[in-house]
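Colleague: Assemble the whole structure, with the sequences as input and the hints as a guide.
Number of protein chains: 2
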Amino acid sequence: MEVINLEQKFGQFTDHWHPHVVADLNDQHVKLAKVQGEFIWHNHAAEDELFLVVKGQLHIEFRTHTATLNPGEMLVVPRGVEHRPHTTQETWILLVEPQATRHTGEVEHALTRHDLPRI
Amino acid sequence: MEVINLEQKFGQFTDHWHPHVVADLNDQHVKLAKVQGEFIWHNHAAEDELFLVVKGQLHIEFRTHTATLNPGEMLVVPRGVEHRPHTTQETWILLVEPQATRHTGEVEHALTRHDLPRI
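Residue numbers (the working numbering), protein chains in the order written: chain A, 146 to 264; chain H, 146 to 264.
Because the hints were derived from the structure by calculation, they are not lab data.
Some hints could be false.
In silico EDC-like cross-links for lysine to aspartate or glutamate, where the CA-CA straight-line distance does not exceed 16 Å [said to hold, decoys possible]:
no. : chain 1 : residue 1 : chain 2 : residue 2
1   : H       : 154       : A       : 218
2   : H       : 200       : H       : 172
3   : A       : 200       : A       : 227
4   : H       : 200       : A       : 218
5   : A       : 154       : H       : 172
6   : A       : 200       : H       : 235
7   : A       : 200       : A       : 169
Modeller: So, in structure tokens, the structure goes:
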């Protein structure tokens, strides 16, 4: 039952598009990631994904529109919905999603990371 | 796929110890609550509960110690662990927990609220 200080946890890594697990609850992971630039189009067939912006600005492109999230703003991407996150600055995000979720969905890409460090 | 601005959502209610649902994901609810003063001892037999402090300061008393969370800090109370939240100031918290979770657990108390408004 550790008190998790988000700022302190973000200070423990520097790489982009690489989620780090900070907590488990009810078969979900709470993950932190630093993101910058463009990610890839993907979806998660069976998993809803929560994005909460802690710092910076996150754009989530959908096939129909783009959502922009500033610090203190969140959005849930429902299962099956194709999306592509991108940013023009380094952005810190908190994610909540099932433990089974792979961050690039079914897509295998240079950005796909198979390890999931715990911090 | 609404962008949820936490500050704006907290502006929509004033009552204490009354969680409001802002999003669903994977059979979980994301809830916001304003809390002040003392809550009751309770536990959730089958549900882990995430507390993230947005504003103010939250104390979570356990049988062995008390954790103190400031803004930007979070803690997961594992299922079955007795806890009692309390504050000395109005505090804004974000919760993630299964949709089945009752905020006072199995305890029926004057503070128990059976309605779960969506905002």
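Colleague: If a hint holds in the structure, say so; if it doesn't, say that too.
Modeller: Hints versus structure:
A C-alpha spacing of about 10 Å is found between residue 154 of chain H and residue 218 of chain A, which places the hinted pair at or below 16 Å, so the restraint holds. For the suggested pair residue 200 of chain H and residue 172 of chain H, the alpha carbons sit about 26 Å apart, so the restraint of at most 16 Å is broken. Note on residue 200 of chain A and residue 227 of chain A: the hinted pairing is violated, with a Cα-Cα distance of about 24 Å set against a maximum of 16 Å. Restraint check for residue 200 of chain H and residue 218 of chain A: satisfied, since their Cα atoms lie roughly 14 Å apart, inside the 16 Å limit.
About 27 Å separates the Cα atoms of residue 154 of chain A and residue 172 of chain H, which puts this hinted pair outside 16 Å; it is violated. For the suggested pair residue 200 of chain A and residue 235 of chain H, the alpha carbons sit about 24 Å apart, so the restraint of at most 16 Å is broken. Between residue 200 of chain A and residue 169 of chain A the CA atoms are separated by roughly 22 Å; this puts the pair beyond 16 Å, and the hint is violated.
Hint violations for this structure: numbers 2, 3, 5, 6, 7, all remaining hints satisfied.
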